[in-house]
Amino acid sequence: MEIAFVSANKLHIELEKKREGLLPKILAKLTEKSSKFITTMLVGNNVALVIYSYFMGQLLMDWFQLMLPTNIVFVNYLLNDLNLLTQTIISTLLILVTAEFLPKTIFRIYANETLKIFVIPAYVFYILFYGVTWVITKISDFFLYTFFRIKENETKTEFSKEELGNYISEQLDGGSDEDKIDSEIQIFQNALEFHKVKSREIMVPRTEIMAIDIHQSVAELKKVFINTGLSKILVYKNSLDDILGYVNAFELFKNPRSIKSILLPVEFVPESMIINDVLNNLMKKRKSIAVVVDEYGGTSGIITVEDVVEELFGEIEDEHDSQELLEEKINESEFKLSARLEVDYLNEEYSLNIPKEEAYETLGGFIINHTETIPEQEEVLEIDRFHIKILKVSATKIDALYLKVIDKAE
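Counted the way the UniProt record's numbering counts, the sequence shown spans residues 1 to 410.
If you are wondering where the hints come from, they were derived from the structure by calculation, not from laboratory data.
Label-pair ranges, simulated between beta-carbon atoms:
#1 G21 to F268: 49 to 59 Å
#2 A359 to I330: 20 to 30 Å
#3 D407 to L312: 33 to 43 Å
#4 E327 to T105: 41 to 51 Å
#5 F148 to L264: 50 to 60 Å
#6 V224 to S351: 35 to 45 Å
#7 K29 to V50: 22 to 32 Å
#8 E220 to N281: 28 to 38 Å
#9 K404 to A99: 44 to 54 Å
#10 K389 to T98: 49 to 59 Å
#11 V50 to D141: 17 to 27 Å
#12 R108 to L381: 41 to 51 Å
#13 K237 to Q377: 30 to 40 Å
Think about it this way: if two alpha-carbon atoms lie no more than 27 Å apart in a straight line, the pair counts; the simulated BS3-like pairs of lysine-lysine are:
#14 K260 to K237
#15 K18 to K29
#16 K336 to K397
In this text, all values refer to a predicted model and were calculated from it rather than measured experimentally. We treat Cβ as the ideally placed atom computed from N, Cα and C, and that holds for glycine.
Assemble the whole structure, with the sequences as input and the hints as a guide.
Listed below in structure tokens is the structure:
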């Protein structure tokens, strides 16, 4: 039980203690002072070992004498001349398997469950050994305070971010697929994972960036604003790998003579930067857009404050989301999908269980990661448990595809 208590999620224990009923009250009493609970379990464990050693040794030897052929010299030698050694070896092996390795492994894996199941037997032993436990705890407290100036009653229960995340994951995994996840729970989970998400995972990719060369005229810039409906346009020199800044549509009211005269500086962030740091950087410098660059300094994409906020609160309609992505569910196992859809989204929405790797974020990336080339239009592929037909493709990317989930046994 002490292994279950130490391994159990502390937040789970505290929340269980708040519930109504007999078991939560007993659990609250047991864990009121963790040192007393653990001491009780250790005392009980040692008492059980002493009783086992006293009775089981001779019982085993009597049983072996009945079951084994004592007329054999070697067997007779083990059961008589080496009686104590034989008892010790056999008893130790049984204790290691049945009282140490096996139960502690089970209690460590299923800590939360076993703690609730055995809470009443544990409380019985807690009462039986209360006197001994009290004496041992007082002696322990004395030494802790004398040598380390630590008072047991001064320790406070603290919950780590991992424990909080594990508890929320358990609650989400515990529900059925049909259950709708509460939006507040989802936001909470997103917040816990916020520090793990990198810029490259949420950026608008290079192929979808709308930009204009600095040598073009203001009239051409106006046309781009009108045609795209965007409020900000990136400005580059010769190629997208040399981004100079961006222009805000409101700057056109100043009747500028050239794009350069209304050019605003833009932030640059690496692909590997955590979006929490990106958001802090943008807020500190009062910017709303940043260019994501790869390890060679080339432009990988762009990231906006809206993109970062979406990681917390879910999809937010903005100027970069005007393009509708193909997402058609034909039946439970067949889909027509845009290759731009993210693997995480598809797994969450349709339970497709597409393998996730660091090398890709989208469905198109998943396919190219396996084929190592851009497939031809109408090409049919089988990747893992998926039958895929390419519906639309360009020279540089996959646009749309048909996907069918197949059974490996078929």
